[in-house]
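Engineer: For the protein sequence lines, the chains are A and B, in the order given.
Residue 3 is where the first sequence starts when you use my numbering, and the numbers rise one by one after that.
Residue 12 is where the second sequence starts when you use my numbering, and the numbers rise one by one after that.
Keep in mind that the hints were calculated from the coordinates and are not lab data.
Keep in mind it's a predicted model, so treat the numbers as computed, not measured.
If a hint is listed, it holds; no wrong ones were tucked in.
Below, a sample of chain B positions facing chain A; criterion: calculated Cβ distance under 8 Å:
#1 78
#2 112
#3 164
#4 217
#5 219
#6 220
#7 238
#8 295
#9 300
#10 302
Capping the alpha-carbon separation at 27 Å, the derived lysine-lysine pairs in DSSO-like fashion look like this:
#11 228(B) x 30(A)
#12 85(A) x 228(B)
#13 565(B) x 262(B)
#14 140(B) x 123(B)
#15 96(A) x 162(B)
Covered stretches of chain A, as calculated for chain B (at least 3 residues, CB under 8 Å):
#16 14-22
#17 31-38
Glycine residues also receive a C-beta, built at the ideal position from the N, C-alpha and C atoms.
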Amino acid sequence: MKILTAPRMERCIGCHSCSLSCARLVHKRLSWDTSGIRIASSGGLSTGFEAKTCLACNPAPCVLACPTGAYSQRKGGGVVVRKNLCIRCGECAKACPVDAIFLDTTGEPFVCIHCGRCVPYCPHDCLEMEKVADDTLIKNVPGEDDS
Amino acid sequence: MIRDYFRVLSVDLSTGKGSVLEIEGRDTVAGGSGLAAFLFNQFAHIDKPWNDPDQPLIFTIGPLTGYFPLMSKTVYAFKSPYHDQYAESHAGGRSALALRFADLDALVVTGKAKRPSCLYIGSRNLELKEVHYLWGMDIQTSGKMLRHMFKGAGHRSILRIGPAGENGSAMACVNVDTYRHFGRLGGGAAMGVKNLKGIVIQGDGIFSLSENKEYPKLFQEVYRQLTDTDMMSKYHNLGTPENVAVLNDLKALPFRNLQQTSDPAIKGITGEKFAADALLRNAACAGCPVGCIHIGFVRERFMEENRYLYRQVSYDHEPIFATGSMLGITDCFAVLSIIDITEKMGLDVMSAGVSLAWATEALEKGIISEKETIVPLQFGDAHGYREALYHLAHGSNDFYRLLCQGIVKAASHYGGKDFACVLGQEMAGYATGEVFFTSQALGLRHSHLDAGGYSYDQKPKGKNVADAVDFLVRDEQERGFLTSMVACLFARSVYTKDLMAECLRSLGYETLADTVTPVSRTIQKLRWKARVATGFNPQSVSIPKRFTEITTWKGKIDETFLQNLKEEYAQRIIDLAREE
Chain A
3 MKILTAPRME RCIGCHSCSL SCARLVHKRL SWDTSGIRIA SSGGLSTGFE AKTCLACNPA
63 PCVLACPTGA YSQRKGGGVV VRKNLCIRCG ECAKACPVDA IFLDTTGEPF VCIHCGRCVP
123 YCPHDCLEME KVADDTLIKN VPGEDDS
Chain B
12 MIRDYFRVLS VDLSTGKGSV LEIEGRDTVA GGSGLAAFLF NQFAHIDKPW NDPDQPLIFT
72 IGPLTGYFPL MSKTVYAFKS PYHDQYAESH AGGRSALALR FADLDALVVT GKAKRPSCLY
132 IGSRNLELKE VHYLWGMDIQ TSGKMLRHMF KGAGHRSILR IGPAGENGSA MACVNVDTYR
192 HFGRLGGGAA MGVKNLKGIV IQGDGIFSLS ENKEYPKLFQ EVYRQLTDTD MMSKYHNLGT
252 PENVAVLNDL KALPFRNLQQ TSDPAIKGIT GEKFAADALL RNAACAGCPV GCIHIGFVRE
312 RFMEENRYLY RQVSYDHEPI FATGSMLGIT DCFAVLSIID ITEKMGLDVM SAGVSLAWAT
372 EALEKGIISE KETIVPLQFG DAHGYREALY HLAHGSNDFY RLLCQGIVKA ASHYGGKDFA
432 CVLGQEMAGY ATGEVFFTSQ ALGLRHSHLD AGGYSYDQKP KGKNVADAVD FLVRDEQERG
492 FLTSMVACLF ARSVYTKDLM AECLRSLGYE TLADTVTPVS RTIQKLRWKA RVATGFNPQS
552 VSIPKRFTEI TTWKGKIDET FLQNLKEEYA QRIIDLAREE
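Only chain B is shown next, with the shape it has when bound in the complex (with noise of 0.2 Å):
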């Protein structure tokens, strides 16, 4: 629905009741990322902890969301209990245009439910359900319960949590649709707090659109260049999984908690050997003609007598780094069926990977025993860490208690920080060098998506740290405009600044398009200020120095360019948080 203000829906769990507010500032933070942060500013206790009852969970569109292709992503603001500042996760599935179709600019919960409970909401209906039988189940099985519970196949969204979120996992996810995750910094354990297991979003509401040629003309032109460009071959052919054999080959790729860059075993898990063996089919967010989701499988015997099961598991090339390469495992099934047990365990699969690379190498090196561990844990053993993602989801002793809380949280009481790969939180799949990690260690949201460090790192761009930081802070701005749109950032090279201007201009966001460059910058402060305010120092970030030990086709870590980067990047932060 476009109008010049926000429609938020505000529920307090505690109640059960919920109320619809007009919030003014559409031409000031435009929606997504920067509404996120303008009603995190509104709404949540800076100076209360994560897990106060009163503290809001956030979910925000953007004004083209359901409008344009690929503007399919919904942004989840949080404070988060991975360490207790703003956070922004964001994740697609059918969340953004449910939310749309809602007739909603954002949803903000606060309160805790008596009992474990799931709200319900559409267009026309608010509903906060008891569900004390759903606590305990995994991923699938409450999916599969709340399918069931609430009408609307098709046309809803269906957000769940597993054990992980219930038991307060600084690495738990929020599951949207089974395929598709608001992963990272802990959104999962923000919701578990609040007894929240689930949040199903009825999108039954319908738009009059108005009679302007101008709109649908746009709408074909935008859709025949998204599915013209060579992205759409991109993303809708091997995936981001075609990163794998192409970092590996880069000397780039993290293996072995990143003891190695690159191994000759890829071969087992590069996203060629997931599209020969393993594909089953393609889905997509909804509004999303690239289908970028790959979906494999896991088939279990469990009969001596030819007996066997299967499920269906999504990959990424995130996913296969950090169940894959980062552990050692190179056969493309034993990688399914490791992220398979995240899956259902509601874990953030690259958090997870990661931290159990760590635990292995820390049991290597004796600093920790299978005291500790539970399970014996070895790189290449995908047994061992099947049984090892059930105890870091389920808290089963202290050392999974404190691990699924960070590494650096674990690595402080038991030692291991050197080779702790945290850039930020637990890192993501690209190794490929200075830029990179500076821009994740120092990121808003500690993602490999706040900026393209990972592309800096592979032009030649030789080691100004003025050019670095620059790009840095322009890239993060121009992508943080993006994302309050709210587009899939796969869809970043078709979605010019002009271009979306162009787009709010046809529905009328008249203001809007002609400030793009302004508001875009006001998003960034913004963000920042709230991340500043709730307690980060990016002065204070420091990188382990296992980052610095490796070696990439570049050679070796410049240690001095990476310090340089950061405490730059670091002043450029500060400085943008304190700007009016």
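So that you can see chain A by itself, here it is in the shape it has in the complex (with noise of 0.2 Å):
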């Protein structure tokens, strides 16, 4: 499996190619916020800017958060979302420790699907699909068992 990752924010210019790109082939819509990628500028234009994106964790707290199943684990980190089965609660978007699920006036949720549509679109190079084993992040990730 392969997730998105922004490993080079330092290279980017702002230009929000990745996140029009993002609301535009993969949410059908047109709009700054609709994205599974959006940027902000880190305190001002003058400082850089950062990416709010999904960041493919394992266990997901939004899975862990959302009451109805309608998130649910995806293979190598983050998530899928069966929007039919979501009530528009916005528990998920509470959950997310680092902003990344936008919802929407009705409570619809946006979150990444790490499907590699934006990179293309970054100019910079500032954005990358990385290789990772299904279980690969769960391992990673030091535990209660470890001494």
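Both chains come to you apart, so use the hints to assemble them.
Structural biologist: Right, dumping it as structure tokens:
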């Protein structure tokens, strides 16, 4: 499996091509917000930019928070969202520690699906699809069993 | 949002209330430049002066804004404090996409706020917030304050003015998102006179795209074309400062108030020099992958012990010409330090630099003294210029109060018109010859971007007046359609008429797509009518003697050719404004 990563954000010029292309091509909307990756200046334009995108947690807090099973764990990290099961409660967005889930005014959630459509639109190669084993991330996270 | 009418938010600053208007006209004036002139006709008061509270500030975007790459500019129209006539200024940053996502084709601001205020708008909000405590603050500080006061980091645009705009300077710009500007013809003062310190536009609207396959396919193709071409490399690599060395080699770079057209000392301020020594990083307007904004730095030692501060300053060809070669400054960091103060003061960098170049020569010639300039001005002395910019923005004495209304106004009082480098307004950084001088002196915006006169000068076209004027009229018409979409003009080689028609068609603007040429013509006439109705007489435009004294790579300027071009272009403009 592959996941979207943003390893070179210090190169970002704030053109928003990634988020606009995701909104346009993946979510079929014209918007700055309904995108799996959103760009914000980190404290003003003179200090550069940060990407708000899914970190492909495994286990994902948004999956644990979802009361209806609309969110499920994606192999390799991240989530699969079945919007027909979603009741627009917004618990997923509240649970996300990095503000990667956008809720529109109706409460519909928008989150990265790790498809990589945004990657070729970055003119400075800030983004990368990284290959991971299906269970890599959970193994690498130190847990209670570590001594 | 795709619609066959314009959705316009009209806000009255005297009440803080607004109304959403649905105005017909998409198929006749398109948007952007066309829409701005169209709304000016509806909202402006031709017979009242620019500073009358009833005069409108008009911000427009176009049908392709946000839908295609490099459709990233906003048109700002107002009655100008510089000449009290119709004026248009263009800027990018995030302003265009913010208006798009605020679900507006245009914002019209009328009235005067009771106290200094900031207008905050979005797809679901409208608020006029009193900000009297920001009055007097420079561009950077007020920008930081406004960022904290309003929500929406990254997906909003913050327009604000500095001291120059507050003090009614006809050289005051509107700063857009720190590194871009509605620079020319005093748009900052048009805001200031309304007690409007800032406008924050929140881009929080979401629009569904139609299911048709054409649009996403064409979007990807246009994106590919724009990022594959030489254009990408030109504006992405050295950026517009690439022109500095090129024009210097051609003997076409204004130096020391256009006393020269080249100088060996250029090595210190070429695009190559800036890139090697001063370039920190690049930035982009929202929706543009080119990233032409080049950001350098100013580093200042502020204590004897090794204590430094630094600031980031954007640079381009025009600011380098205006604060570098024109002032005889040939060190890139000294240039950045002057641009930095210009930015803080909220001055248009071209007008400010060129006016200080005139003041320097006037001082040299004894027409004025240090009583007028307050500080000594000398070509090459950055320190004096940095201080003078403060006085220019604040109107510290009678001399600066007059100079900040334009060199011609100061020269009318003190003398020195012959060496006033003014082509309708303070000149842009091209001394390429007769066609450019005519183009800027008579152009609708008096901008180097009105038509490609500088490019025509550089081609072996001969001296046929009709051919040159045909080119100017045609090129202006084509650019007028681009700026009605609203495209960045850097993309003009990619966005041909056919491609724009294809883009419009993919979104459902079938009628507009089928009528690009006649609509271009309508827009051209509409803009000229607005200009002429507010008092512009192209036949009264004079080109100062200095422009006829220079030598370029082609030799001496041909005064007869220049005069004939001017007369012919003036007549064509009058004809355009009269046509039904």
